[in-house]
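> For reference, the chains in residue letters:
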Amino acid sequence: MNEELYPSIFSQFKGEEGELITILLRVQEAIGYISQEAVKRISQFLKISENQIYGVASFFSRFRFDEPGKISIKVCMGTACHVHGGSLLADAVGWDLGITYGQATPDKRFDFQRANCLGSCTLAPVVQINDKIQGRVLVTELKETMKHREEF
Amino acid sequence: MNPETAPVNVTIDNRSITAAVGTSILQVARENDIYIPTLCFHESLSPHGGCRMCIVEVEGLRTFPTACTTPIDEGMIIRTHTAQIQEMRTEILQLFLSEHTASCLVCGEKVECREYMSTVRKAGVTTGCRYCPKDGQCELQAVTESLDVNEIIYPIYYRGINVETGDPFYDRDYNLCILCGRCVRMCQEVRLADVLAYKHRGRKTIIGPAFSRTHLDSGCEFCGACVSVCPTGTLREKARAWEGKPEREETTTCSFCGVGCQVKLLVKEDRIIGSLPADDPLVNQGQLCVKGRFCNTELVNGHQRVKNPYRHEGAISWDVSWNEAFALIAEKLQASSPDRVGMLVSPNLCTEDLYIAQKFMRVALASHHVDTTARLFYGAGFNAYLGLMKRAVPLAAIQNASVVLMIGLDTRFSRSVVGVALRTAMKKGIEIVTLNPREHTISLKANLWLQPGIGTEFRYVDMLAQLTRGAEVPADGISQVEREKLEQTARMLSGSSNPVILVGAEYLQYDSSRELLESVAQLADNIGAGIMPLPAQNNLYGSLLAGSYPELLPGMRSTGDDAQRKLLEAVWGTSLSNLIDSWTAASLVACDTPLQFLYAVGEVPPPMSAPADFMVFQNMYPPEPYGSADLVLPSAAATEVDGTFINGERRMQRVRRAVVPLGNALPDWEILCRLGRFMGATGFEFSRPEEIREEIARAVPEFTQENIDARTPMPFVLETDMREFTNDATAHHAAERAQTDSAPPFLFHASVIEHTHRGFPLSAWVDGAKLLFPEGTLTVNVEDAKALQLTEGDVVRVSGASFERTWPVRLASTQPRGTLHASLLETASSHPNPQPVAVRKADV
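Sequences listed follow chains G and A, in order.
In terms of the working numbering, the first sequence opens at residue 1 and continues consecutively.
In terms of the working numbering, the second sequence opens at residue 1 and continues consecutively.
Mixed in with the good hints, there may be bad ones.
Below, a list of computed lysine to aspartate or glutamate pairs in the DMTMM-like style, where the Cα atoms sit at most 20 Å apart [said to hold, decoys possible]:
{"id": "1", "chain 1": "A", "residue 1": "K445", "chain 2": "G", "residue 2": "E29"}
{"id": "2", "chain 1": "A", "residue 1": "K204", "chain 2": "G", "residue 2": "D66"}
{"id": "3", "chain 1": "G", "residue 1": "K40", "chain 2": "A", "residue 2": "E624"}
{"id": "4", "chain 1": "G", "residue 1": "K47", "chain 2": "A", "residue 2": "E59"}
{"id": "5", "chain 1": "A", "residue 1": "K445", "chain 2": "G", "residue 2": "E17"}
{"id": "6", "chain 1": "A", "residue 1": "K427", "chain 2": "G", "residue 2": "E150"}
Since the hints were derived computationally from the structure, they do not count as laboratory data.
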């Protein structure tokens with residue numbers, strides 16, 4: 001862990017309670033999640049207890065508390081995708097990786113999330129692998145894609 | 001009349017009521033005996049409006065406001081029990097119940113089943129399901145009954161959360177939680193401890209500390225305030241869970257430290273089942289620490305308590321009667337000479353007990369050999385500490401201060417009420433500087449945290465004393481950052497009004513304790529500060545006043561003081577011994593001549609260089625494994641006696657008897673009086689503590705019943721210098737340190753356990769205390785442990801210049817790197833403290 005990270009983030013703030021959420025966002029941008037270390041550092045900076053920080057952060061689904069996997073797979077569960085069988089796609093990915101959404105594989109290679117809308121409703125159902133969006137995905141297609149997952 | 005303060009007229013349920021402006025509808029209704037159901041409301045917390053049970057109808061308002069959060073307004077017409085509101089309440093309550101898995105609340109059989117609960121059968125028969133410890137005391141149950149809800153129309157949502165039982169003293173079953181938020185508000189608003197918070201959201205919302213940590217790992221003080229306000233069975237005391245409703249209450253003074261909180265003991269069937277804070281405006285303001293709240297009950301109810309006098313010889317022991325015990329003591333005493341007997345009394349006992357103990361020694365045995373273990377606890381800093389006690393200011397001084405300096409004080413598990421007062425004051429803008437090498441509960445929020453290295457605390461205080469005098473201080477050995485913080489502190493203290501210095505017990509066993517305490521006094525002189533010494537012993541002042549020291553007579557006068565001797569000889573009707581030698585409790589540790597007779601009253605003697613020929617051990621618990629005795633006498637606990645404690649502010653406070661002594665136990669004063677009479681001595685004809693108090697008042701004019709009832713602080717008249725317990729090791733420590741300074745692998749520092757009662761560590765007899773303050777472990781920094789490849793529980797051998805010992809390891813991130821800490825029962829000043837040591841894994 002880069003020792004300079006937290007001081008450089010905190011240097012942009014005054015240390016007031018109201019800055020908590022912005023700081024949490026910056027931290028998550030930098031390291032991908034809110035670690036226990038991060039909560040402790042923020043607590044010392046803002047002089048708020050770690051428990052309160054966690055209480056605030058856990059309210060928002062945006063923040064995650066476990067290290068994300070390197071390859072991100074997102075299955076959209078927005079209205080249009082849901083109607084077109086998004087949950088079947090989610091099941092397929094889940095079976096394949098042996099995890100459920102919101103988790104990363106134990107080797108931290110794959111990260112599986114559900115998205116509430118990826119903004120490509122005309123292409124529903126949609127799956128996003130890293131930055132690439134695939135539309136009108138069939139379960140069989142997705143299974144085929146997942147066979148080559150090591151090359152993502 | 002000012003329209004802003006004019007009373008307001010409202011109508012509630014067709015009754016015209018006049019109330020002060022700003023009052024909430026709920027408050028007005030309660031004051032006028034109008035029942036409005038509530039679940040999340042609690043008098044000592046801010047209104048929350050979360051449970052929606054208290055909704056009322058206000059004419060002219062489109063919605064139904066919650067009575068707890070709506071202030072009254074002129075001319076309001078309020079209805080609390082219309083059919084519409086009752087229906088809505090029933091609806092809301094059913095939503096609660098659909099997540100609250102106690103079907104007993106709505107069970108169709110709940111009335112019939114009560115009749116058959118006492119059925120005795122050979123086969124298993126349901127005789128009433130009682131699976132919630134709050135049954136009969138549950139507020140949800142009460143509201144359910146008041147709304148007469150007998151069915152739940154919503155599908156049951158069982159959360160299936162595991163019951164959290166890993167923490168000491170209380171369990172948590174969040175399946176029963178209704179998210180009223182009382183515990184969160186208590187923790188955040190009143191205790192300001194910020195341990196509990198709402199986590200997640202929606203129906204996954206749960207209360208607890210960060211991540212999935214235990215309360216122990218999250219800075220929880222285990223004050224139990226959250227447990228007290230929980231309306232359901234979610235938070236339950238382990239020890240009291242199934243005790244049911246108390247029959248009566250008794251207010252008394254807590255016996256665990258010098259703060260002297262007022263506690264409310266809950267009694268059922270002549271047994272203490274719980275202890276809650278009393279709402280006392282002078283000392284604890286309705287707060288307690290873990291010791292007063294939880295340890296008290298377990299300590300006085302321990303099944304190992306001594307119930308009968310017993311004789312112990314070799315490997316066997318047998319019960320004896322009181323008279324046999326007295327006869328044996330009398331026989332042994334007649335064979336002993338007055339200069340070879342000794343008595344060790346505990347500063348945890350009531351002033352009356354302490355007075356009778358020294359009177360027994362001085363009158364019945366004609367010896368001044370009576371001492372307390374406080375001398376060993378304070379070591380070389382005893383006189384300096386008593387000097388601070390002389391200047392003690394009341395606890396209320398914190399609220400008038402602009403700056404508070406805390407020295408070696410951690411308020412997590414002891415003196416927590418002071419911590420609450422500090423945090424409350426901080427909210428009002430008081431600045432707090434804490435001086436402590438270790439991270440502690442206040443260090444996060446304090447304005448400044450001075451972090452001296454272990455063993456250099458006295459230099460920091462000394463530098464502050466010099467800086468506030470305006471002297472230039474050389475900056476040797478202290479980092480630039482720390483130096484700037486010191487200078488800032490000095491500026492803050494110099495420019496402050498009514499500053500207060502709080503002195504904890506953390507460095508009192510260091511070799512430098514005298515220097516530290518003297519510097520504190522100097523610093524206080526420079527800045528005109530009040531001092532709060534907060535002694536670890538609940539009746540240290542009482543022990544001085546009662547004359548429980550060889551060099552002190554009752555009234556805090558020297559044993560050689562002719563006027564006081566004459567006064568006491570007149571009161572006691574006897575002549576005092578002229579044999580005044582240098583015997584103290586320290587002689588037990590250092591002197592090689594064994595005593596012929598040692599009487600330990602409520603105290604466990606330190607490891608003795610020469611054990612006494614015959615030892616009497618009078619205590620609540622048996623001496624093993626902390627010592628051994630030839631005769632053990634059962635004495636009553638602090639909840640079973642009547643007496644007086646005098647706290648660190650020197651305030652006299654009553655101890656009230658809540659229950660009768662266990663088994664054949666007797667109060668300490670009564671045992672000693674009966675023994676005195678048995679031996680034919682005069683002046684022991686007391687039958688009640690009031691009579692002892694009257695006699696003490698003849699020697700100490702201020703000790704009157706009126707002053708005790710008014711809880712007046714006593715004057716401090718001690719002028720005698722007490723003999724201090726120093727050791728050769730202390731004198732040589734500087735030389736030794738110089739020799740090993742080259743590359744000290746680890747700096748070892750020890751302190752005497754302050755969480756003790758009557759000589760025993762609380763962890764000996766209280767289960768939960770084993771986790772909170774374990775004795776006989778070595779605290780190692782987490783990072784250091786990684787480097788040494790140590791894990792929790794590993795046994796390590798610590799070797800220093802003068803000792804070698806093995807301890808199991810306990811990991812802590814708060815322990816500064818490169819240092820090791822142990823809490824010891826015996827006095828730590830028998831070694832240089834702190835001292836460099838080597839550490840390695842023991843070969844096991």
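> Indicate, hint by hint, whether the structure satisfies it.
Hints versus structure:
no., hint, in the structure
1, A/K445 / G/E29, "28 Å, violated"
2, A/K204 / G/D66, "18 Å, holds"
3, G/K40 / A/E624, "43 Å, violated"
4, G/K47 / A/E59, "46 Å, violated"
5, A/K445 / G/E17, "13 Å, holds"
6, A/K427 / G/E150, "56 Å, violated"
Checked against the numbered hints listed earlier, the structure breaks hints 1, 3, 4, 6; every other hint is satisfied.
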